[in-house]
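Q: So the protein sequences, as listed, match chains A and B.
Read left to right, the first sequence gives residues 1 to 164 (our numbering).
Read left to right, the second sequence gives residues 1 to 724 (our numbering).
Hints were generated in silico from the structure; no laboratory data involved.
A couple of the hints might just be wrong.
[What the hints assert, rightly or not] Lysine to any residue pairs mimicking SDA-like chemistry, simulated, CA-CA at most 20 Å apart:
1) B:Lys323 to A:Arg60
2) B:Lys422 to B:Lys667
3) B:Lys393 to B:Glu404
4) B:Lys667 to A:Arg60
5) B:Lys667 to A:Gln104
6) B:Lys323 to A:Gly61
7) B:Lys33 to B:Val401
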Amino acid sequence: MPAEIEPENAPQSVRDVLSFTLADETYALPLESIHEILKTPPITPVPRAPADVLGIISVRGRITTVLDLRLRLHLAHEPASARARVLLVDSGVELLGLLVDAVQQVHRLNPDEVELSNMVSGELADYVVGIGRPGARRMAERDATSTEELLILLDPAALLRRVV
Amino acid sequence: MSEGDAREEFLAEAQEIIEGLSRDLLLLDQADKEGRDDPELINEVFRGVHTLKGIAGMFGYHQLGAVTHALEDLLDDLRLGRVSLTQNVLDVLFEGVENFQRLLTEDPDGPPVDLEAYAAAIDLVQAPAPLARETLEDYALDSSVLSVLTEYEEHRLRTNIEQGVTLFRLLVRFSLATIDSSLEELKTRAKPLAEIITYLPSMGGGGGEDIDLEVLLASRASLGELRSALGSQGEQLSEVRRHTTAPSQLPPAPSIPAVASVPSRPTSAPPPGPPIASERPHAPTSAPGPMDEEDAAPLAKDAPGDPLSLRSVASTVRVDIRKLDHLMNVVGELALVRSALGNLREKLRQHADEREITRELHRVGRTFERHLSELQDGILDVRMVPLGQVFDKLARIIRQVAREHEKEVQLVVTGAETEVDKLIVEELSDPLMHIIRNAIDHGIESPKMRELGGKPALGTLALNAYPKGSHVVIEIEDDGAGMSIERLVETAVRRGLMSHAEAEELTNEEVLALIFLPGFTTRSAITDISGRGVGMDVVKTNISRLGGIIDIHSEHGSGTKLTITLPVTLAIISALLVRVAGRPFAIPITAVQEAILLVPTMVRTVEGREVVTVRDTTLPLCRLDELFGLGTPNRKKRSFVVVTALANRRLGLVVDELEGQQDIVIKALGRSLSRVPGFSGATDLGDERVALVLDAAGLLEELLATTEWRRAGDARLAEGVRHD
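Bound-form chain A, shown alone (with noise of 0.2 Å):
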């Protein structure tokens, strides 16, 4: 997946970042987080597990958790469409697939296209570090209104954190 984006020379402060949907909401995390989108495979429920569970699945003969990313962020469940996609992201201790309702595009976000916001408020909060907002300069002139492009960023690191 890194593989497509072009290597650059660009300032540390310039991120990639991966959109995806959930329930309407546009969120990303950061491109060098996710190792591998997959689309999602039969998913084995394991009883008992934590609520946020979905179940495990074999990557290559090895055995991955799944976690339901709607859940974990406290938004309603709903069954996987055909477009829904399982991200593998690395927790530190093994690799988790989180489930996303759909995987959007690679967004390359500069500086002042990020707003370290804590807008967001209650147990999101954990999770957020900010808001994205892809071509904000060039929306500026059209309608800056627009909710159309605002990234929800998440920190890999904490989403993840509570699993293990």
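Given the coordinates of chain A, assemble chain B onto it according to the supplied hints.
A: Only chain B this time, still in chain A's reference frame:
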């Protein structure tokens, strides 16, 4: 070989030597207690330490080198009789082995090795023993012979004379080509009756093809007995008498020419560092091969005249267990390929015109299957090691703990040859060590107490291992004080785990099982050796993790027996595939006794729990769909009972369908699921299907313990057991 590999190799070899040393020291300890002296064992230990010194030097383990060096000197004094073997000396030797171990593993938890203190301890016991300087001159031994004896040989000679053992002289002629095997044969024949003190070659005989040897033996047997034991080689046997008796009976001296080619050595020379092999001064240059070292003898067989062989004696290789794990995974993947091939064949079968190729594919598939299962068996076999490996380590601990606590304990081991997967053996040492410390600390009484109680002062700790089907049973049994049911109950009540009335309802077995609860200790009995922050609950958890079960049986006053039942391997297992609410689960076949059709009318309810009667015994049932919360249970549907059993516990698991038996590779669940009870892992069934593998031991524990406690009316205990 990279440096890392070489280091691994060194560590493995050093470990092997240390284990060997430990074994020999225990034998030596036993011999000493029985009043025997066993010079060959001391030599064995000396050789081991010497080899260790050599390789430690090669790999830059200087501390280890220093300890081995000091110990080597002590051992040399021992075998030369300058120091006599006492329990104190044995303590120092055992401590040496401990130090080796610690230096090798660089165990951060253990106390640092105080080399100076250890050197001082060695010096203390190394003070020379008074030498009984009985002269050898009384004997009709040629001075040319006496002058070439090594210090060790002279020591053995003196010892035998002091003990009144008769000396014999044997003249043999061996062919140079077969000298090694002939010598070996001679040793084997003489061994039951006599000790071979030395053998010296004489240059006279045989015209280059043969060699004459003069062999000096010590034996309590008569000349006739010894001669018949030696068979054809014993023709030239005679007794060596004292001058005062009958010097005339000596064999003619000229037939034993002085060994002029051998540099004579003053007997008072200090023992040199080099190994025994090079110490013998009498090997003439014409002697073929290393005839002086028993171990080396087989080497020279194929190549007489070649004094050194670089070929390794052993035909074994050491392999990192992870490499075997990897191979096992490959086998697992191949098994998936096999089933994929099977599916292809099925598809092909639909086409009538491909019948020929379908048949052929079927045949090839069968061959593939056969070889695959051979490969799998082979890898499993390689992983197997005898339980003796861990028993030997325990023997060392037992001796140490017993001495620390001034208790007398003898260890009786049976079934050390029973084989178990290497990984299981590794994981077993800690739980076993804890159990054994407990047994010596709490179980076996002091010698005085034992005698008062009418028991022999020497306590017995038995380690028994035996295979039982696809499981291995290990029993740890002591003849100590046993456990007091009253005291256990009292403790449970005091800790608020249950009321007196509740405790009354427990059977003795259930009371004994209390010791496996976290934090349960009978306070008055705890001491620092067994109370190292781990209790029996940890032991139980560790055993469960290996898919095993631990049971306790104890009689107050006469001893305690712990029985551990373990699977032989964890790597690849046969499993029964079942379906519950449409989902596949695998149950290790080793835990399955039988599977029967569940007739709804068979089910009765006893104390709020469903049971069926199978072969006249009551079997508690567990409906997996309920336990796992899978959908709404449909009681009208046909279902099956899989009777799982471990040790003497049985449980019926109710499932919807039986899918058949299959070999599976168990893969661990991720850390995020390590707290989920009931599963020991998962397995890839191919076709993107993953099945959870039921942890039969865990389920038995969980469900049976829960009902037992529920019956006793205490939910808190049940909680404790479930989260154990």
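Q: Now look at each hint and say whether the structure bears it out.
A: Here is what the structure says about each hint:
1. B:Lys323 to A:Arg60: Holds - the C-alpha atoms of Arg60 of chain A and Lys323 of chain B are around 19 Å apart, at most 20 Å.
2. B:Lys422 to B:Lys667: Given pair Lys422 of chain B, Lys667 of chain B holds - Cα atoms ~17 Å apart, limit 20 Å.
3. B:Lys393 to B:Glu404: Distance ~17 Å between Lys393 of chain B and Glu404 of chain B Cα, so the pair holds.
4. B:Lys667 to A:Arg60: Holds, because 12 Å separates the two Cα atoms, which is no more than 20 Å.
5. B:Lys667 to A:Gln104: Not OK: Lys667 of chain B and Gln104 of chain A at ~33 Å, beyond 20 Å, violated.
6. B:Lys323 to A:Gly61: holds (17 Å)
7. B:Lys33 to B:Val401: Judged against 20 Å, a Cα distance of about 17 Å means the pair holds.
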